[in-house]
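Protein chains: 2
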Amino acid sequence: MPDRLVISVDAMGGDHGPDVTLSGVARATKFLVPGARFLLHGDAARMEPVLARLPALASVCEVRPAESVIPMDAKPAHAMRRGKGSSMWNAVECLRAEEAQAVVSAGNTGALMAISRLLLRMTGDMDRPALVANWPTLRGVTSVLDVGANIVCDADRLVEFAIMGAAFHRAIHKTARPSVGLLNVGTETEKGHDDVREADRRLRASEFALDYHGFVEGDDIAKGTVDVIVTDGFTGNVALKTAEGLARFFTTTLRTTFTADAMSKLGALIARRSLKRMSERLDPGSINGGPFLGLNGIVIKSHGGADARGFANAIRVAAELAASDFVRQLDDDLSKHLKAPGASATAPAASRPSEGIVAA
Amino acid sequence: MPDRLVISVDAMGGDHGPDVTLSGVARATKFLVPGARFLLHGDAARMEPVLARLPALASVCEVRPAESVIPMDAKPAHAMRRGKGSSMWNAVECLRAEEAQAVVSAGNTGALMAISRLLLRMTGDMDRPALVANWPTLRGVTSVLDVGANIVCDADRLVEFAIMGAAFHRAIHKTARPSVGLLNVGTETEKGHDDVREADRRLRASEFALDYHGFVEGDDIAKGTVDVIVTDGFTGNVALKTAEGLARFFTTTLRTTFTADAMSKLGALIARRSLKRMSERLDPGSINGGPFLGLNGIVIKSHGGADARGFANAIRVAAELAASDFVRQLDDDLSKHLKAPGASATAPAASRPSEGIVAA
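So the protein sequences, as listed, match chains F and R.
First residue of the first sequence? That's 1 in this note's numbering, and the numbers climb one at a time after it.
First residue of the second sequence? That's 1 in this note's numbering, and the numbers climb one at a time after it.
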């Protein structure tokens with residue numbers, strides 16, 4: 001591994017390609033440690049005009065030409081078989097080859113996960129990484145996982161998510177013992193299904209570096225009751241998308257309200273500074289950048305539609321994980337878990353047929 | 001059964017008791033069919049002063065004194081054992097005794113479900129009723145079920161929810177063939193876990209009076225993609241509470257925005273008519289009143305915190321279900337389902353240990 005921070009960037013991924021990703025890198029250089037460098041994978045001909053407009057990047061970036069781009073709608077299995085030589089593949093390959101400490105991509109989520117699993121492998125006995133959503137709350141940001149990769153989760157897997165989520169939150173938010181809640185339909189110990197109750201028992205008995213809060217409910221997410229919320233990928237994915245849908249519902253309703261007539265438009269004009277602050281607060285860009293947890297390496301997924309500010313934030317997440325003791329600590333915690341009594345008593349989730357947002 | 005519409009009302013349930021429930025009944029008399037009558041169960045001494053202020057009610061209501069009230073935090077098992085003689089128990093008992101065609105309560109959800117199952121029994125081979133949420137969308141209202149009673153659901157149960165949800169939506173919204181979606185983490189047929197995929201196959205092959213749309217995702221709820229969304233009680237409960245939490249997050253953010261400074265307050269004042277229309281649109285009272293589906297009878301749960309307008313709407317739902325062919329149609333559809341090839345091939349969900357928001 002290089003001594004200096006090196007981040008491998010899939011410059012072609014996302015809805016906007018190099019225009020946004022390179023502008024994001026340029027923004028990130030302003031807050032990253034001096035000496036940080038970037039490997040930019042993609043179509044050199046498309047990157048050059050953008051780089052010409054961003055002269056500050058020349059000294060900290062290296063263009064690594066890639067011969068193809070994985071489409072946003074490609075099937076993960078196809079991406080694995082045919083993705084070699086693409087900007088995404090090469091970006092992850094640099095991490096495997098220890099040329100970089102982290103990779104950031106705004107490309108196809110399923111393809112990024114499949115290629116990362118193939119090239120980096122999972123840590124421990126995990127089957128596939130957990131996807132983390134950074135969720136804005138009344139009190140800050142809560143990390144919610146898994147939001148779509150692991151559809152059927154037994155108690156073991158949920159305990160692993162708790163450990164990984166806490167390690168991630170600690171690395172990013174510098175909380176020594178993040179509080180962790182297990183998502184359920186009620187807070188009493190008898191609520192929920194077998195797996196969630198068994199995970200609750202194990203977490204109560206465990207001695208991981210986390211502050212286990214017990215069960216939380218859906219409305220605790222936006223309240224910010226805890227730092228980390230753990231759930232299976234089916235429930236987490238539905239909760240996340242339900243929230244995204246509702247956010248659009250509110251935004252649409254708000255827009256309709258303030259354009260309904262002349263008085264409403266005048267009101268919006270007068271209150272514009274506060275409205276702007278509100279929209280900044282609700283802007284997902286400020287919290288963009290979710291890691292794939294459980295891989296032997298730091299892979300950060302940026303939202304496909306992120307703007308330069310959002311992409312820069314994904315790079316910030318990558319840099320903070322790379323600078324922290326995250327990967328080692330996670331390995332330690334997970335090995336402790338594997339040795340804990342009762343762990344892996346049930347069949348591994350890997351053996352159950354299930355398909356998440358990412359094909360096997 | 002009486003010829004005229006008679007609705008049995010638990011007048012003591014909810015956060016506000018008779019003040020709200022009786023005012024709700026008074027509002028409902030304005031839109032119900034002429035001749036509709038109400039049986040008001042509860043503490044006569046508390047109801048009398050309220051009734052004195054609502055003279056129009058005297059001719060259409062009958063006070064049925066009840067000796068106790070089930071507390072909002074009572075355990076369902078306790079309510080079943082000790083609830084006899086309470087306003088809720090008596091309200092449901094009137095339905096069993098065919099003195100009324102529907103019951104409405106804003107009381108303890110778990111207790112209402114437990115007492116209803118005990119006194120009315122389930123239809124078919126179902127174990128417990130499905131709870132329906134009326135979800136406001138960009139296109140109207142979508143019925144989402146189950147939102148908390150059935151934690152572990154096999155394919156059979158999900159198909160039953162589709163049938164019941166469609167029958168409910170048809171009765172309330174007069175849609176001949178409501179469109180039904182199955183909640184999943186993606187729309188391709190290979191997505192999700194075994195039960196959701198098996199339910200999808202059966203619904204595709206079925207000939208129920210519904211328009212099966214296939215899989216939908218979390219953001220389809222607020223979009224209003226379909227009339228009815230089917231999911232297990234665990235996922236549905238988390239989605240509903242996640243949305244409730246997010247709604248409070250938005251309301252709080254909006255309030256902070258418009259009280260931040262003098263200009264913001266002025267802007268809100270000028271746009272107040274549109275803001276009022278918006279808050280009416282977002283008011284859950286307009287869609288209050290979720291049925292327990294699968295019981296031999298019409299039981300409507302009003303939100304505990306509903307105001308008179310909300311409670312009146314729950315009465316409207318009860319009246320519309322009572323007036324429609326709902327119960328017979330549901331019975332027909334469910335028997336057709338039980339005879340369908342492949343139905344009940346898996347173990348009934350009843351045999352699996354699980355606890356929803358309602359104790360067994």
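Read the hints as simulated data drawn from the structure, not as lab findings.
None of these values were measured; they are calculated from a predicted model.
Where a beta carbon is used, it is the ideal one built from N, C-alpha and C, also for glycine.
Hints are supplied without guarantee of correctness; some may be wrong.
Examples of chain R residues toward chain F, derived with CB under 10 Å [to be verified]:
#: 1; residue: 54
#: 2; residue: 193
#: 3; residue: 268
#: 4; residue: 273
**Message:** To test your reading of the hints: which numbers does this structure violate?
**Reply:** 1
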